[in-house]
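Peer 1: Can you build the whole structure from these sequences, using the hints too?
With the numbering used here, you'll find the sequence shown wraps up at 1215, consecutive numbering, no jumps.
The hints are simulated quantities; they were obtained by calculation from the structure and are not laboratory data. There's no promise every hint is true.
Within a straight-line C-alpha distance of at most 25 Å, the following computed DSS-like cross-link-like pairs (lysine-lysine) qualify [as the list claims (entries may be wrong)]:
hint	residue 1	residue 2
1	Lys-913	Lys-1147
2	Lys-1210	Lys-913
3	Lys-1114	Lys-1066
4	Lys-429	Lys-217
5	Lys-879	Lys-966
6	Lys-79	Lys-775
7	Lys-508	Lys-192
8	Lys-879	Lys-776
9	Lys-483	Lys-446
10	Lys-63	Lys-436
11	Lys-879	Lys-838
12	Lys-854	Lys-79
13	Lys-776	Lys-375
14	Lys-123	Lys-149
15	Lys-1066	Lys-53
16	Lys-775	Lys-913
17	Lys-446	Lys-375
18	Lys-622	Lys-966
19	Lys-72	Lys-776
20	Lys-63	Lys-963
21	Lys-436	Lys-446
22	Lys-913	Lys-1066
Cβ-Cβ distance ranges computed for the label pairs, FRET-style [what the hints assert, rightly or not]:
hint	residue 1	residue 2	range
23	Gln-1019	Ala-1049	21 to 29 Å
24	Val-680	Glu-562	43 to 51 Å
25	Glu-251	Pro-979	45 to 53 Å
26	Arg-1116	Thr-55	53 to 61 Å
27	Arg-345	Asp-718	48 to 56 Å
28	Glu-562	Pro-979	55 to 63 Å
29	Lys-1210	Asn-858	55 to 63 Å
30	Ala-1208	His-229	44 to 52 Å
31	Gln-1200	Asp-453	37 to 45 Å
32	Arg-345	Asp-522	43 to 51 Å
33	Ile-430	Ser-250	35 to 43 Å
34	Asp-1211	Pro-1044	38 to 46 Å
Note that CB positions come from ideal geometry on N, CA and C, so glycine has one too.
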Amino acid sequence: MNQRIACSSTAIGERMINMETRIVAPQALILGILLASIAAAEDTVQTEPAVDKQTATRVDNLKLLPGFAAEKIYAVPRKQQGSWVGICRGPDGSLYASDQGEAGIYQIFPPTLGDSSAVTEVKKIDVPVSGAQGLCFHQGTLYANVNGKGSGVWAITDSDGDGQLDAANHILPLRGAGEHGPHAIFPTPDQKKLIVMGGNYTRPAPLKGSRLPTNWKEDLLLPRQWDTHGHAKGLLAPGGWIAQMNPDGSEFEMLSMGYRNPYDSAFSPEGELFAYDADMEWDMGAPWYRPTRICHATSGSEFGWRAGTGKWPTYYEDSLPPVVDIGPGSPVGVVFGTGGKFPARYQKALYALDWTFGTIHAIHLQPQGASYVGKEEEFISGTPLPVTDAAIGADGAFYFATGGRGIESTLWRVFYEGDEDTARSPVGKINQANIKRRALEKFHGKTSPEAVDAAWPSLASADRFIRYAARVAIENQPVETWKERALEEKNPQRALLALMALCRQADKDVQEEVLAALLRIDFRSLSSQQKLTFLRDVSLCFIRLGPPSAEQRRQVIAALDENFPEDNDRVNIELARLLIYLDAPGVISKVLALMESSSPPEVPEWGELIARNKEYGSPIAKMLENYPPLLEIQYAFMLRNLRYGWTMPERRRYFQWFLDVAKHPGGHSFAGFLTNIRKVALENCSPSERSALADLTGQEVKAQTLAEITPPTGPGRDWTLDDAATAVDGGLSNRNFHNGKNLFYAAQCAACHRLDGSGGTIGPDLSSVSSRLSKKALLENIIHPSRVISDQYGSHLVSTADGREFLGRVTPGGKNDPAESIRLHTQDVNAEPVLILKEDIEEMIPSPISQMPKGLLNQLSEQELLDLVAFLLSRGNEKDAMFAPPQKQESGQESGKKPGTSTTGRFGTPLGKRQFELEYAGSLGPLKPGSRVRAWLPVPSDSAAQDVRILDVDLPAPHSIHKELKYGNQMLYFETVMPEEQSTKDNELKFRVRYAVERRELRSGEGHGKKKSLPALQQVFLQPNRLVPIGGEPALLADTWPQPNDLLARAHAIYEGVLDHMHYDKLPGFGRGDARWACQSGYGNCTDFHSLFISIARLRSIPAKFEIGMPLPKDRRSGAIGGYHCWASFFVEDQGWVPVDISEADKHPDLRQYYFGNLTADRVAFSVGRDLRLVPQQAGEPLNYFVYPYVEVDGIARDQDSIKTSFAFKDVQAS
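Peer 2: See below:
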């Protein structure tokens, strides 16, 4: 094949003008290409005044932490200076920045902090280098890690000593470009080496050394499935990597690997390296999805990224887990706050920049053994705010740039002007576990006669990072020096790690001995993590040392089959993986049973961040509300490989599952993964089985979009950028959401782009477009699509040996295409992609013409344009302020009634609402000086029954608001250390929060939380709690109670049964909400009544939930509140959640009917559910329920009696 890749825009333009009708494309497309080419050429000759001096301007459109302020110090003229993606600080206090394209590198002299007349000065560095995503100034040289022309590391120097950088040498060429190409560069703490980073499309330079053995492999036991859209297809280990080299580019040494796309990393003041790795957002909803995350990049570390479905689980011992998962996003710059004039907490923080969602995260790291754990806090955010890189200035301020992908750039400065001390924080002490790990890491990348003896005891360490460092140290030594020791090791933990090392480094002739040594270990006696390591070892034995013999297969099945399934999901996954690989008898029925009995999916920890950050938009939020069943998908994925052993009923259960799970939302590739899993499984069926399953397998695995799409009504016009921007500037209010959504499809946007969880994948996902593009920039991208083209979505002109030419986006060939082929997608979104064999390609040239046609907006009227733009900027959120609010009836107003008309409820009870202020206060103490205090206060959430607003907060420390996603509860969290110098007597912690609340009466039939069916996450309301069993004594008590077929009548029978059995009384033993105790005693308070109701409701397949809050006295308009009150709700399809207050019904028999289906407005709800885990997670046990403050002192939960609380209210209005 004579294939060459070129990049001359002029050549492409000439080729396109000379293209004849032999191009396989519609004639209209050829005309569109010519017009676009002319327009693109015209764009390039437009000029604008140069801007090189600007003053700092205070801004208030960024969301900052208390005490911090922000300035815009430079608006980058895009035509002259490009879009800045990399910045660093120079030795003289200036900054350096690089354009992502070809506009060059610039030196910036920021204005003096606090001087309003000072200006920002910018000058271009006179060298032919640009496109650097990594910059650092080190020992008189500016280093640029270029991502584009001349890819790799350049050293920029002052050749003649005149103080000006003027010479550039290409000291380390790298094969890689684009957004997964070469990235950061910065010096090591000892200043002797430079760290260099590359994404997974970047090949490492030739190695002169490696901290981990270089025989890295994919290490997958079952066949992988590549991404359905071809991303990273064919890419193998090491994936993204971190290396180091000498300042002259020599001695390139691998340090860490197994990342997807690590854009940047930074050293802590203690000398530890932390990297920010990217997610594959298309995987969202699948068990192999990895959120963006912070990784502790220790010596020789491996983080297990493999393409497609091949990502290693974090529990694999031959890899390391992340420090903290952040969530979806696009990682860019990373910097520690070292040198910043901030409070100590923020000097020590690691700052991680997310381009997609316009957020700078502050990661607060705490030592945990030989590594760290991290807590995320939002430091800066804005809309739009496409952050790219950051640096701490010589003045102690936080500088960051916005831009990327041709977006207009701005340089910003954030500084602290609050009251806290900003003196330089001392460097933290290194703990003994870290010292131990570092000592072991000295044996990485070299042989030493002391290594094995020094490392061997640490294979049994309780610390995973120490175990890992010890194993890597041993793997670097000749196998013959430790092989026998590994085979004869008696300690199970050491044996597991030693045998793992042997699997990874030994020759295949040791396979039989390794497996025999593994089978001598008693599987049942191992901890869960040790079982996972055992199963990984057996898998590695077969992957690396050779498949099992028939006898070995029988031995392994015999050892493991009786242990499957276990009560640990992770262990079950690995048991299933291995037993499916071995084709164990009966494994299909066991795995199907696990799929059908799995608990509702747990929302991942990073979901809490999504819940409190509106920048993430509705597609991700919708997925979290209806989270896909990850365990079931994992099991289904593994079962697809089995050809034999199925019964027809099992086949039908399996294939029916695909239709059920497809109802869940997910990332770009979610439906494609399900389709391909099913396709492989169907290929493993016999012809007769495929025929019998046709009714199930003939249906498309795909979520539905709009039921009906109506074309634009017009009249259209030739929209220019200025005309559209003028219309949009003042017109984005009272827009029509549904019309905007319809136009997203009707104007063909959805053919290529996704938004709100649906659409095509040829172009970028628009779900977060408002976080990175201004209104004008969005319109420019639509009206002039060829001005800025991401390398991910660019087109190519492909010429074939037989003289044909094609223009379009190139993707890898599909599963059923020839192995060496590509698919080319033309601008005609309705056309099938063109299949081209690689051997037929004569030439493939990147195109300056966007795949997106011009003129898409010209069919729209002004009002339609405004509706479409509002829909795009809203992220598909119908509740966005840009849209006209739906007409709502006032509380207490029936259909046909005028506002204010008096009316009554279903049972003759007056309707109404109650508006009041609520004070939630308390104190704890005295506390010992130096005590570390963590406190959580429940925060009432908005709902169909109440609107809540925080009026003011008086706390002893900064706070944050969090939301746990299992039940949706909100909580206020703060932590502090009690002063050492304060006397014990005065060392008391006080807190107070005031709320404004409007509470509305709930009436039966009003659709409280109305939904047609229960969302998947809320299936938790059919599961038992610690004190609310399903079965046992509550089942015996209710055995004789009526069980009507109608669900509402069935719930009413339970309500009546509980009322007849229980009596409200606070005798000893009440108040725990123990359903068993309620059965035995027959009395209790609200918790006991409703726990019994919930237990029996769930037993009878009625979802039911526990709610708790504060009651308001009906006979007073202000004063103290004595304590909590709780109630319950049950779910009825097409009606929603129906409330019951059984203890109130017992105290007020005249309201017995009313309290089934209705609630008064004399209350406020604080939380839902039982056995609660808080955010951040508490050290103590899950909370029985959450209405009072929860406090931990030095990691120990304080007894509730030791916390003084007071609750008070004052009516604002009652109706």
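Peer 1: Each hint needs a verdict: does it hold in this structure or not?
Peer 2: Status of each hint after checking the structure:
1. With a CA separation close to 22 Å, the supplied pair Lys-913 and Lys-1147 stays within the 25 Å bound.
2. Of the pairs offered as hints, the one joining Lys-1210 and Lys-913 holds, with about 14 Å between alpha carbons and a cut-off of 25 Å not exceeded.
3. Between Lys-1114 and Lys-1066 the CA atoms are separated by roughly 21 Å; this keeps the pair inside 25 Å, and the hint holds.
4. Proposed proximity of Lys-429 and Lys-217 is contradicted: the alpha carbons are some 37 Å apart, above 25 Å.
5. As the CA atoms of Lys-879 and Lys-966 are separated by approximately 23 Å, the hinted pair is consistent with the 25 Å bound.
6. For the hint pairing Lys-79 with Lys-775, the CA-to-CA distance comes to about 19 Å; that is within 25 Å, so the pair holds.
7. With a CA separation close to 40 Å, the supplied pair Lys-508 and Lys-192 exceeds the 25 Å bound.
8. Using a Cα cut-off of 25 Å, the hinted pair Lys-879 and Lys-776 holds, with the two alpha carbons roughly 23 Å apart.
9. Among the hinted pairs, Lys-483 with Lys-446 is consistent with the structure: their alpha-carbon atoms are about 18 Å apart, no more than 25 Å.
10. Among the hinted pairs, Lys-63 with Lys-436 is inconsistent with the structure: their alpha-carbon atoms are about 42 Å apart, more than 25 Å.
11. Taken as a hint, the Lys-879 and Lys-838 pair is broken in the structure, with Cα atoms around 49 Å apart against an allowance of 25 Å.
12. For the suggested pair Lys-854 and Lys-79, the alpha carbons sit about 21 Å apart, so the restraint of at most 25 Å is met.
13. For the hint pairing Lys-776 with Lys-375, the CA-to-CA distance comes to about 36 Å; that exceeds 25 Å, so the pair is violated.
14. The suggested pairing of Lys-123 with Lys-149 holds, with an alpha-carbon distance near 22 Å, which does not exceed 25 Å.
15. Distance check on the hinted pair: Lys-1066 and Lys-53 sit about 75 Å apart at the alpha-carbon level, beyond 25 Å; violated.
16. Using a Cα cut-off of 25 Å, the hinted pair Lys-775 and Lys-913 is violated, with the two alpha carbons roughly 40 Å apart.
17. Pair hint Lys-446 plus Lys-375 does not hold up; C-alpha atoms about 35 Å apart against a cutoff of 25 Å.
18. With a C-alpha separation of about 14 Å, the suggested pair Lys-622 and Lys-966 falls inside the 25 Å cut-off, and the hint holds.
19. With a C-alpha separation of about 19 Å, the suggested pairing of Lys-72 with Lys-776 holds against the 25 Å cut-off.
20. This hinted pair checks out: Lys-63 and Lys-963 have alpha carbons roughly 19 Å apart, not beyond 25 Å.
21. For the hint linking Lys-436 to Lys-446, the alpha-carbon distance of about 18 Å falls within 25 Å, and the restraint holds.
22. Proximity of Lys-913 to Lys-1066 is assessed by CA-CA distance (about 30 Å); at most 25 Å being required, the pair is judged violated.
23. Checked against the given bound of 21 to 29 Å, the beta carbons of Gln-1019 and Ala-1049, roughly 23 Å apart, stay inside it.
24. Here the CB-CB span from Val-680 to Glu-562 is close to 29 Å, at odds with the stated 43 to 51 Å.
25. For Glu-251 paired with Pro-979, a C-beta distance near 50 Å keeps the hint of 45 to 53 Å intact.
26. The supplied range of 53 to 61 Å is met by Arg-1116 and Thr-55, whose beta-carbon atoms lie about 58 Å from each other.
27. For the pair Arg-345 and Asp-718, the beta carbons lie near 55 Å from each other, so the given range of 48 to 56 Å is met.
28. In this structure, Glu-562 and Pro-979 meet the distance hint of 55 to 63 Å, their C-beta atoms being roughly 59 Å apart.
29. For the hinted restraint 55 to 63 Å between Lys-1210 and Asn-858, the CB-CB distance of approximately 59 Å keeps it satisfied.
30. Evaluation of the 44 to 52 Å hint for Ala-1208 and His-229 yields a failure: the beta carbon distance comes to about 58 Å.
31. Under the hint 37 to 45 Å, the C-beta atoms of Gln-1200 and Asp-453, about 53 Å apart, miss the expected range.
32. In this structure, Arg-345 and Asp-522 meet the distance hint of 43 to 51 Å, their C-beta atoms being roughly 47 Å apart.
33. At roughly 30 Å, the beta carbons of Ile-430 and Ser-250 sit outside the given window of 35 to 43 Å.
34. A hinted range of 38 to 46 Å holds for the C-beta pair Asp-1211 and Pro-1044, which are about 41 Å apart.
Checked against the numbered hints listed earlier, the structure breaks hints 4, 7, 10, 11, 13, 15, 16, 17, 22, 24, 30, 31, 33; every other hint is satisfied.
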